[in-house]
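Student: The residues making up each chain are set out below.
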Amino acid sequence: MKESTFDRLFVYFNHLFLFLLLVSVLYPLIYVTSASISDPVAVNAGRMWLFPKEVTWEGYQRVFRDAEIWIGYKNTILYTLLGTIVNLLLTIPCAYALARKDFAGRNAITLFIVFTMFFNGGLIPTFLLVKSLHMVDTVWALVLPQAAAVMNIIVSRTFFQMTVPRELEEAAEIDGCSNLRMFVKVVLPISGPIIAVMALFYGVMHWNQYFNAMIYLKDRDIFPLQLFLREILVSSEMSAAMQTGVSDLEAMEAQARIAEIVKYSVMIVSALPLLVVYPFLQRFFVKGVLIGSLKG
Amino acid sequence: MNQLATEASLAMSMENRKRRRRGRLRKNWHLYAFVLPTVLYFLVFHYFPAYGLVIAFKNYKVSEGIWGSAWTGFEHFERFFDSYYFWDLIRNTMGINIYQLALFPIPVIVALAFNELSNGWYKRFLQTVTYAPHFISTVVICGMIISFLNPSSGIVNQIIAGFGGEPISFLTEPGWFKTIFVVSGEWQRFGWGAILYLAALAGVDPQLHEAAKIDGATRLQRIRNVNIPSIMPTIVIMFILNMGDFMTVGFEKIYLLQNELNLKTSDVIQTYVYRSGLLQAQYSFSAAIGLFNSLINLFMLVMANRLAKRFSQTSLW
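Chains as they are written, first to last, in full-length UniProt numbering: chain A, 1 to 296; chain B, 1 to 317.
Worth double-checking, as some hints may not be accurate.
[What the hints assert, rightly or not] Computed spacing ranges between beta-carbons, pair by pair: (1) A:VAL23 with B:HIS30: 52 to 58 Å; (2) A:GLU170 with B:VAL302: 38 to 44 Å; (3) A:VAL41 with B:VAL302: 54 to 60 Å.
[What the hints assert, rightly or not] In silico EDC-like links for lysine to aspartate or glutamate, alpha-carbon gap of 20 Å or less: (4) B:LYS213 with A:GLU3; (5) A:LYS218 with B:GLU252; (6) A:LYS185 with A:GLU167; (7) B:LYS213 with A:ASP7; (8) A:LYS131 with B:GLU64; (9) B:LYS253 with B:ASP267; (10) B:LYS178 with B:ASP88; (11) A:LYS74 with A:GLU231; (12) B:LYS253 with A:GLU231.
In case anyone wonders, no lab produced these hints; they're calculated from the structure.
From the three backbone atoms N, C-alpha and C, an ideal C-beta is built for every residue, glycine too.
Kindly produce the complete structure, drawing on both the sequences and the hints.
Tutor: Here it is in C-alpha cells:
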C-alpha cells in the first residue's frame, strides 16, 4: 500500500522530533567532554562550543594529583561492592521463596514488604535508629539502611515465577532434593540474567548516592567519591593540591580560571567507569525494567 | 461394603493430607530461612522507624528514648501549621509536583515516536543515548547545571549573549528555580521513562494495525485509536504511582541547587525537615512534618487509585 502524503509528512516530522531529542541529550554530554580538555580561557569566553579548543590536560592532571579523589574512588568502589553483595543476598533468595507457589505465607510476606513502599518512617526516625545502632561514621550506615529495595524484590520474584518451571521443582522434590540444594544446584545456574540486572541496579545506586554519606559520615577518610565531588562541583571548594598554592591576586585569577576545567574533568572522571561499561550493559538494564513491567 | 471402602479411603486421604502438610513445613524450612533476613531487614529499618514516628506526638529527648519522652499531643503539628513558612513550603512542594505532572506525557510521546521507527542501528543508537542521562549521579547533574548556568562563563548565558540578550543569574533568581529543576529532571528521565511504554507498545496486536490500514487510517489516526488505547493501562498505573509521590520531590537534588537567594521558591517540605531535624536537632517537630507529608502521599495514592478504578478499570489494587 502506498503511503499518503500526510503519512509521509508525519514520518518526516517524527524524524525531526527524534533528532532534536537526540541533540538535546548528546550536546551537554559532548560539551562537558570537550570542555574538560579545552583551554579554560577559550571555554569561559565561549569560543569552545562543540569540539575541544586548544587542547590541554591540565584539568585531569590536577584531578589526579588530588589525594582525596583517590580516597573517594577507593571508598566508593568498596561501598559499591559490599553494598551490592548484601543487596543480592537479601534480594535473590527471598524473591525465589516468594515466587514458590507451595510456600505457605508468601502473600502475607509479600504484602508485609510492599507496604513499606507506601508508608514508612521517613528521614528523622531512620536517622535516630542508625544513630542508636552506633553505625554513624561506619560503612554500615551506607549498607544496612538500604540492604534491599522493594521494587527489586518484586522484579526478581516475577523473574523466578516466569523462568523456573514447576516441573523442575517437582522432579527435584521426588529425587529427595532439599530446597537449599535445589536453589544452589538448579535455580542459581539459570538465574544469571536476574542476578546481573540486580547487581547493576543496586551497583549504580551505591555508586551515585551522596545523601546518606552526607548525613552519616563525618570522617573525611571514609568519604565516598560523591561527597568530594559535591565539594568541588556544588560548593566550589578545591583542595590544596588542585590550587596553585600562591595567594596573590594573579594566582587567584589563575585559580578561578582553572576552577571550571577541574569541574568538567572531575565530572568525566567520576562517570567514566559507568560510561565505559554502559553501552555493553544497556540491554541488561532494559531487561530489568521490562521484567518489572510484567507484574507491577 | 461400598460405604466402608469410601470411609477407609477418606480416612486415608485425610491422613495423607496431614502428613503432606507436615512434610511441606519440614520441606519448606529452607524457604523460611531464605526470607528471614529480608523480613528482619524490613522490620528493623522500615517498620521500626514507622513506629518511631510516635515521637511526632512527644517531646523526644535522646536521654529518655522514644517511649520515655513526654507526650505533647498535636503541639508540633499546630506549630507547623501556624508557622509563617507553612504556606511557602506547601506552595513550593505542590508547585514543583504540578509542574512535573504537566510533563508526565513526555515519555509517552517519546515512546510513541520511537515506535514509529523501524528497527535498526539508528533506533538502537537513539535509545542508548537517551537512556544515558538516567545513570548520571545527582551530584554531577547539579554540577552540570551550575556550570552551564554560570552568569559569566556558562554556555547558556553565552548563547543568550550571542543573541544580544542580558545574562541571567538563573540560580539566584527565585523565579527560575522550578523550571531549572523540572526541565533538568525531565532531561534525565524521558528516555528511561519511555522503556515501559515501548514494551507495552511491542505487545500491540499487529492485526489491529492491519485492519486500521485497510480502513484507510493514517499513521496519526492509528496512533490515536490503536496505540494509545492499547497502552492506556500502563499509563494509568504509572500515573497512580506518580500521584503516590505527590508531596515527594527529589529533595537530594533540590538540596544541592538550593542557596540563600532562591530559598523563597526552592524550599520544600523535605528540605525543611532535613534542616530543622538534622541540622537543628528538632527531632519531634521534624518527624511531625515528615508524618504529615507521608499521610498526604498515602491519601493521594488511594484517591488516584480509586479514580482510576472508576474511570478506566485499571488500578493498583
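Student: Work down the list of hints and note, for each, if the structure agrees.
Tutor: Going through the hints against the structure:
Under the hint 52 to 58 Å, the C-beta atoms of VAL23 of chain A and HIS30 of chain B, about 54 Å apart, fit the expected range. Hint check: GLU170 of chain A to VAL302 of chain B, Cβ distance near 41 Å, so the stated range 38 to 44 Å holds. The beta-carbon spacing between VAL41 of chain A and VAL302 of chain B, approximately 58 Å, falls within the hinted interval of 54 to 60 Å. Straight-line distance between C-alpha atoms of LYS213 of chain B and GLU3 of chain A comes to about 10 Å, which keeps the hinted pair within the 20 Å bound.
Taking the CA atoms of LYS218 of chain A and GLU252 of chain B, the gap is near 18 Å; set against the 20 Å cutoff, the hint holds. Between the alpha carbons of LYS185 of chain A and GLU167 of chain A the distance comes to roughly 15 Å, so the proposed pair stays at or under 20 Å and holds. For the hint linking LYS213 of chain B to ASP7 of chain A, the alpha-carbon distance of about 12 Å falls within 20 Å, and the restraint holds. Of the pairs offered as hints, the one joining LYS131 of chain A and GLU64 of chain B holds, with about 15 Å between alpha carbons and a cut-off of 20 Å not exceeded.
As the CA atoms of LYS253 of chain B and ASP267 of chain B are separated by approximately 12 Å, the hinted pair is consistent with the 20 Å bound. The straight-line distance between the Cα atoms of LYS178 of chain B and ASP88 of chain B is roughly 14 Å, inside the 20 Å bound, and the hint therefore holds. For the proposed pair LYS74 of chain A and GLU231 of chain A, the alpha carbon gap of about 17 Å is at most 20 Å, so the pair holds. Pair hint LYS253 of chain B plus GLU231 of chain A holds up; C-alpha atoms about 14 Å apart against a cutoff of 20 Å.
The structure is consistent with each of the numbered hints, conforming to all of them.
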